[in-house]
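K.L.:
What follows is the residue order along each chain.
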Amino acid sequence: MWLIRAFEEKVSEMYARGAVRGLIHLGIGQEAVAVGACFALEPDDLVVGGHRSHGHALARGADPERLLAEIAGRASGYCGGKGGSMHIAATDVGFITATGVVGGNVALALGASLTAMSRGGGQVAAVFFGDGAAQTGVFHECLNLASLWRLPLVFVCENNGYAEFTPLSAHTVVAELSAHARTYAMPTRAVDGNDVLAVRDGVRAAAALAREGAGPSFVECITYRLRGHYEGDPAKYRELAELAEWKEKDPVRRYEAVLAERGALGGEDRARIERRARDRVETAASAALAAPFPGPADLMTDVLSRPAGA
Amino acid sequence: MLPDLPREDLLGQLRTMLVIRRFEEALILLQRSYDVGHFHVYIGQETTGVPALALLEPGDVAFSTHRNHGHLLARGADPGRMMAEILGRETGYNQGKGGTLHIASAEHGFPATSASTGGNLPLATGAAFAFRELGSGRVSVALFGDGAVEEGAWHESANIAALRRLPVIFLCENNSLEALGQKANEYPSSTLATPDLTDAAKVFGIPAVAVDGTDPGAVHVAMTEAIRRARAGEGPTFIESRTVRWPGSRPLWPQLATGETELAMAWDRARIPDAHRAWYEVNDGVLRYVRDLLAAGHASAEGVSALDREVRERTDTAVRFGLDSPFPSPETAMRDVFAHE
Amino acid sequence: MREVAYAEALVDGLREILAKDERAFIMGGYFLGLTPRRTLMAKLRDDFPARVWYPPIAETGYVGTAIGAAMAGLRPIVDIATASFIFHAFPQVVNEAANIRYMTGGQTKVPVIFHFNQGIRGGGAAQHSHSPQAMLWNTPGLLIMAPSSPRDVQGLLRTAATCDDPVVFVDHVKLFEVTGPVSEDGTAIPFGQADVKRKGTDLTIIATSYSVQVALAAAESLAARGVSAEVVDPRTLVPFDGDTVLASVAKTGRAVVVDECHRRCGVGAEIAAVLAEEGFGYLRAPVRRVAALDVPIPFSRPLEEYVEPTAEKVVAAALEIAK
Amino acid sequence: MPELRSIDAIRDALRSELARDPRVVLLGEDITVGGPFGATKGLVDEFGEARVRNTPISEAAVMGLAVGAAATGMRPVVEVMFMDFITLAMDQLVNHAAKLRYMTGGQLRVPLTIRVQGGAAASFGAHHSQSLEAWLTHVPGLKVVAPATPADARGLLIAAIRDDDPVIFIEHRALYWTRGPVPDGHDPVPIGRAKIVRRGADVTVISYSRMVGIALEAATRLADEGLDVEVIDLRSLAPLDIDTLIDSARRTRRVVVAHEAVQHGGVGAEIAARIQAEAFGELDAPVLRVGAPFVPVPFSPELERRFVPDADDIAGAVRSTVRRPSAVPAG
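Residue numbers (the working numbering), protein chains in the order written: chain A, 1 to 310; chain B, 311 to 651; chain C, 652 to 974; chain D, 975 to 1305.
Rather than coming from a laboratory, the hints here were simulated on the basis of the structure.
Remember, it's a predicted structure, so these values are computed and weren't measured experimentally.
All C-beta atoms in this analysis are idealised placements derived from N, C-alpha and C, irrespective of residue type, glycine included.
It cannot be assumed that every hint is accurate.
As the list claims (entries may be wrong) - Which residues of chain C face chain A? A partial, calculated answer using Cβ under 10 Å:
no. : residue
1   : Ala701
2   : Tyr705
3   : Gly773
Let the sequences and hints guide you as you build the complete structure.
P.N.:
Written out as structure tokens, the structure is:
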């Protein structure tokens, strides 16, 4: 979780310095959902992210250097600099793709789960999305279709109470998003999104159901993100008091406390883990920023299977 | 049961139901002698549309779909101009440009009719949005089938209607009972994982009720309450009207599977054949309505037959009017694209 | 004449409409995107709290709601924000709004304005850099305005506000900082009236929206090389002022068309085809098109710049045919 | 040579690819009962419900699902009952199917075929008669093909299913029941290659789908007037076989482009702009375009007939390219 926290803070700092640009969405405060969920999945399971997915990719084992290179638009980035922060893909670690279209990614994950089902190897798919996506029509179409065809899919909903800039209550009367899943006879479970073990158990149970062929299920993680909706937004649309309260629920500090209680984490262990994470991110950042940009020759590739015709 | 209305209103609604029934039957018969093209009929759902839409005021609006004939006729549209539109003639309500799938009549409160499944749901929600903003107290009705609930447009519209407490009534005519295309290997293929259709609205906190679509009394009660809530600013209501699909609407091209309706079956059970017996005895709302009227002493067999004859004559004139109407002149194809040409 | 930034002219234009017509209503408030100028919209909302609504992220739903409201008495101005989000609303914009008047034989009007910010904006990548106006221009039943200056955006908005047909308002975040004069007396600019933004004799550059600023920059550097370029801004795509454009091409005999759509089947393709057809007699060189290359818009800056229709590319195209 | 109707040629292609490749799966509304025109009739009995799946009426989710399945190893074939309904799936088509390969720097591929049925016929009205191919050819990352004959329908559909990119396969209901010769075997017809269906020396007429037959009708009529017309069937709108078009334009020096879609901003605009840019000075007349008027599709048969260009329209355009004085450009 420290790797993700250090990574996101480094991106935030690079953005402030103008070293990277474009639309960047950080998931600081939502590390427990990424790590907890991915910990409960198998290596060959298929994971689809949303537009705030650095943490999801890292939790699946993506290389921080190639991730940072992509965010910085470098040729050595996972997508050759063509995708950027919102369209990260690291298929070698089972992170199929992320997408910038709210709700659009959920439909892609349905397809991944159909493939998994047709292969019959007990493989499952999982998709991360925010509560903003839950307002889109395509999201509801997906709940219906997944339930109808009993697809092996885990819906991991990060409910942080905000869609882009507006508090959720201004967007829908339905506070509890899993209610929509129950409309389609889908089992649901709400977990504290800031407790990595609770998320792990929730997703593991859901994945088990899917592997047995019992179809999809919906895990709603109640979380809170500490940075603004997108980098460069001073997040002033939140009352400061609310911000302070959640800082104390920071998932990284809570998990450290749990481990310390169990005697599994001494004082200097904690500092060592944090430092190792920050060092790893530091080297990754300098390597990424030193890497070359892609050239015009790269431009026309990857449009179609053969070079783009007339 | 019968709607709680005075006798002449009940008979008025019977007349309208018969106008719809005879119109659709005439259209199917016309196929034998004229290339009418593809269309959908409202047979079997008259006992929903007529009582429900009779409760609207002139200023209220309704948005229908490809199965719109019964809705427009229920609000007083002229069968002749309807037939003319279906036959693509100049005298049609849309001057021949819309056709059966898009018949609209602003004067009867049908501003636009969409043939894209669920396409009318955001439009009806929008009209309610305007009525609320303009404080006009008017009501908007979305008329759609169970298939439209599978569309994202349904969820986005329901969410907005609930969020802004809009005066819109979602009247879902679920005509797929016992005809789920998947199993019966026929149309439609309504495929919804929701155990109960009304759940699709209840999740948004929208009051939802299911009624027997062949029971005009139940439809009347549910619609009266929904209109009251809308005008009082209490927000949207969802009504699921359940009907068994008319056997003639199962194949892709409608056919007179149960023949031209014989009203005498309402008072003379001996005339009911074995084939489609359940249809004549239970599922045909019009026959049930006639039986209830007779039982309540509101009408006699002779009276109903006389009314039916009058409706059939009117239907024949409507068909002739359609067939005799001129086609629009070709250059009119270039008009009505924009306000200023 | 007051000098004003485009973003201010736009918001003042919206304020004027809300003040003048109580049926006017704003749905979606991201007109100025995530740029620093967005505080202007927050102010507008404070001034008219009941008339500016921030809907859920559900374009089919809220754009359809705007169309329904337009049929029932309101005159909504609906903001789709980033142009790439309009694809969610295509069934409502293209299948419903554009067809309703025609399909109903003229019975029902749909006075609604669809606003979006199109084009390449720096790091938007493939899903936030679309220019959908070519597809919308292929759709009968939609008026399309594409202002390129503070005066034009206010003048065209005034006409759009009184129009009884759906109007597509093509906008661009890179226009927000462009400053220029605005008319004091509230004159409206009629649709279908092109504006010669710069006189010239050797060739004609035809451009819309932000590409007009690109064309003007190109004309500037061409002048330094002794090539006199005339810049014609049609200001609206529907109706399209073909006469003024053709008159200019007849005079210069050479034409370059610039816009941010992808090249194949883009806005430039239709204009070039019309010029080549109508201007066959007096064209002295092939019509050149400068548009976004036919690849998804890449994220990385150097790739994005390679794809973008820049002033340099316009200059190169102009020099190629000006000989 | 055996003969097949287009609708049967299409079913034959679907059956042979379903049999050949276990990754192929059909998705669409009512396809187990054959869809409205019968293209998929009987396939569910042969290949089972896991590979011939009825979907709910949720075009956005179904298209997204198909893209996701293609990106993770399957080869879906999605049927969109009427081309007008691609509007409901535009976000998935434009923002995902067309871009996943590029945005992921080549990590993903999207071997997906989208069968649509477009065009005006039998008075289906404005929501069931549109030709929207210009939009799709405008999107980099999508291929678009439109067969005019049963042989090409089968060959191009087989090629589309085997292609590793998203291919939109445009059928036309007015062509479904026309019969035509089909070769033995199930070989793909290469995507991106036009076909000269009638050699000629005086004027080139470029067209696709239903318009090819109408162009041939015009050509035979013009032959009686001593005009030798060359007719080219594009078959593939993206990628466009521009070399064949330029070569023919240089030979005849007169070109007409005809399509059923609205002329304004149609594929004809791109072809006209390309030919006049690359063969400038080698034409004796401007490239003329014949397309539908800039209006929604009217319902009434009389108006619909006027909406769709016919042989007279094409012949008229051809004659005017000949009559026009060959103005030699000044300077």
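K.L.:
How about glycine 773(C): closest beta carbon in chain A under 10 Å, or not?
P.N.:
6 Å, holds
K.L.:
At a threshold of 10 Å, is the proposed contact between tyrosine 705(C) and chain A supported by beta-carbon distances?
P.N.:
This hint holds: tyrosine 705(C) lies near chain A, its Cβ roughly 6 Å from the closest one there, short of 10 Å.
K.L.:
With a cut-off of 10 Å, does the beta carbon of alanine 701(C) approach a beta carbon of chain A closely enough for the hint to hold?
P.N.:
At about 15 Å, which exceeds the 10 Å cut-off, the nearest Cβ of chain A leaves the hint on alanine 701(C) violated.
Violation of the numbered hints given earlier is confined to hint 1; every other hint is satisfied by the structure.
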